[in-house]
Amino acid sequence: MTSGVLGEVIDRLAKEQHERGCRLVDMLSREATLVSEIASMREQVKLARQEAHAGRKALDTQWLRRINYAIIMAKKELAGLRVDRGLAQFQQKEERRRLTLLTQLSEQALFMRHAKRLLPRKAYEEIRTAVCSEVTVAIALTPEQMLDDCT
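Quick note: the sequence shown uses our numbering, first residue 51, plus one each step.
Hints in this document: simulated from the structure, not taken from any laboratory. It cannot be assumed that every hint is accurate.
Estimated spans, in silico, between C-beta atoms of each pair [what the hints assert, rightly or not]: (1) R167 / E144: 43 to 51 Å; (2) L109 / K143: 30 to 38 Å; (3) I117 / T153: 45 to 53 Å; (4) Q139 / Q94: 29 to 37 Å; (5) G130 / Q94: 18 to 26 Å; (6) R99 / R73: 36 to 44 Å.
DSSO-like cross-link-like pairs, simulated, lysine-lysine; straight-line CA separation at most 30 Å [said to hold, decoys possible]: (7) K143 / K172; (8) K143 / K96; (9) K143 / K126; (10) K126 / K96; (11) K96 / K107; (12) K166 / K143; (13) K65 / K143.
Computed from a prediction, not measured in an experiment: that's the story for all the values here. From the three backbone atoms N, C-alpha and C, an ideal C-beta is built for every residue, glycine too.
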C-alpha cells in the first residue's frame, strides 16, 4: 500500500482492524445462537409446565432444575459476550479513527515532499511548521511511530 515507517504502521493497523472485525462477526453470531438457545429452553419449560398443569405429564423436577441452570449459564455467557462485543466495537471505532488520522498524516507528508520541491524555502518552512504542529495536536504517536521529521 504505502511505504516507509508510517506506511507500515497504517498497513499493520488496517490488518488489525480487519481481524478485529472478523472477531466481532463471530461474537455477533455466537450472541444470536445463545439468544436462540435461551428462547428454545424457555419454550420447553413453558410447554412442560402447561402439560403438567393439564395433567397429561408429571413435571420432572430434576429436568426442570437442569434446564433452568442451563438457561442461567447461557444468560451469564450472553452477558459476558455482550460486554466483550461492546469493548471490541469501541476498540474498532478507535482504531478506525486512528487509521484515518494516520492516513491524513501520510497524505500531509506526501504533500510536504512535493511542496519542498515546488515552494521557496521560507514558504516551505512555514507550511512544515504548521503541519508538524497540527500533527502533534491531532494524534499522539507511540514511540515506535515517532518520526524525526513529519515528512
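Cross-check of the supplied hints:
| no. | hint | verdict |
| --- | --- | --- |
| 1 | R167 / E144: 43 to 51 Å | violated (36 Å) |
| 2 | L109 / K143: 30 to 38 Å | violated (48 Å) |
| 3 | I117 / T153: 45 to 53 Å | holds (52 Å) |
| 4 | Q139 / Q94: 29 to 37 Å | holds (33 Å) |
| 5 | G130 / Q94: 18 to 26 Å | holds (24 Å) |
| 6 | R99 / R73: 36 to 44 Å | holds (39 Å) |
| 7 | K143 / K172 | violated (39 Å) |
| 8 | K143 / K96 | violated (41 Å) |
| 9 | K143 / K126 | holds (26 Å) |
| 10 | K126 / K96 | holds (21 Å) |
| 11 | K96 / K107 | holds (13 Å) |
| 12 | K166 / K143 | violated (35 Å) |
| 13 | K65 / K143 | holds (14 Å) |
Against the hints set out earlier in the document, violations occur for numbers 1, 2, 7, 8, 12.
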